[in-house]
Amino acid sequence: MVKTHMKIDSHLDQIERVGRFIQEAAQDAGFDEMESYACELAVSEACENIILHGYGDDSTGEIEVSVQTEPDNITIELWDDAPTFDPVNCPTKLDPPIDDPPIGGLGLVIMHKVMDEMEYNRREGRNQLRMRRSRKPPA
Amino acid sequence: MEINVQGYKRVTVVTVTGRVDSVTYSEFENTLQAEMEQGKVNIALDFSGIEFISSAGLRVLVNARKTVKNAGGKIVIAQPSQQVIETLEIAGLEVLFEQFPDRETAIAAF
Chain A
1 MVKTHMKIDS
11 HLDQIERVGR
21 FIQEAAQDAG
31 FDEMESYACE
41 LAVSEACENI
51 ILHGYGDDST
61 GEIEVSVQTE
71 PDNITIELWD
81 DAPTFDPVNC
91 PTKLDPPIDD
101 PPIGGLGLVI
111 MHKVMDEMEY
121 NRREGRNQLR
131 MRRSRKPPA
Chain B
1 MEINVQGYKR
11 VTVVTVTGRV
21 DSVTYSEFEN
31 TLQAEMEQGK
41 VNIALDFSGI
51 EFISSAGLRV
61 LVNARKTVKN
71 AGGKIVIAQP
81 SQQVIETLEI
91 AGLEVLFEQF
101 PDRETAIAAF
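Protein sequences appear in the order of chains A and B. Count the first sequence with my numbering and you get residues 1 to 139, in order. Count the second sequence with my numbering and you get residues 1 to 110, in order.
Simulated from the structure, these hints should not be mistaken for laboratory data. Don't be surprised by glycine CBs; every beta carbon is placed ideally from N, CA and C. Among these hints, one or two may not hold up.
Claimed, not checked - One side only, chain B facing chain A, incomplete, derived with CB under 10 Å:
| # | residue |
| --- | --- |
| 1 | K40 |
| 2 | S54 |
| 3 | Q83 |
| 4 | E89 |
Pulled out of the complex, with its shape left as it was, chain A reads as follows (with noise of 0.2 Å):
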């Protein structure tokens, strides 16, 4: 088991590095190029949504990204301070009208197809949104 950590600030810009982490993380696993792209765009998402939903005008908060690998298996866990988010249980229509699909909660869909679980918890004033995926067999 391998067990790395980062943390950004709550901007935007710094996405990109968690998504780095992400897909190096997900390819020591074992994923292959696809999986460890759907792994960065999730993890990605759901950065997005604690900075614009969470943090909002807030720029001074910060995100720790922690993931733990095993082989064939990623864990992510996201912690922030902003205030109570559950991107979980969050109502979001997984099969949208097929012409006209709404535009709000497309990444809440795109976190809940890649992941093979999703937990959300308050703990100690904080956000703690948990997320594992094993590597599927190819197609």
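Given chain A, put chain B in place with the hints provided.
Just chain B now, with coordinates in the frame of chain A:
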């Protein structure tokens, strides 16, 4: 992110390379908006050089599709990168955008 716009008789080809995310999407949105305001509502997007596209980029696509559709036009995607294909499929939006293996066939679709 870099954007290039080429006008043809019946279609405008917009080539986007790099990252389309919450930092860069507005530049992409403004470019499409400017074309659509000039009545260019048949648009082929060359996405062969896109390395990353998030929901912010997808929202631009969905909104632009709605605008051109209402004006009698359409938006198609030419030679999407694997990342574009993956993102559209994850978001369940791949059915909204006709995809072509190269620019020529995309242009010929208009």
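So, going through the hints one by one against the coordinates:
no.	hint	result
1	K40	violated (22 Å)
2	S54	holds (6 Å)
3	Q83	holds (6 Å)
4	E89	holds (9 Å)
In terms of the numbered hints stated before, the structure departs from hint 1 and from no other.
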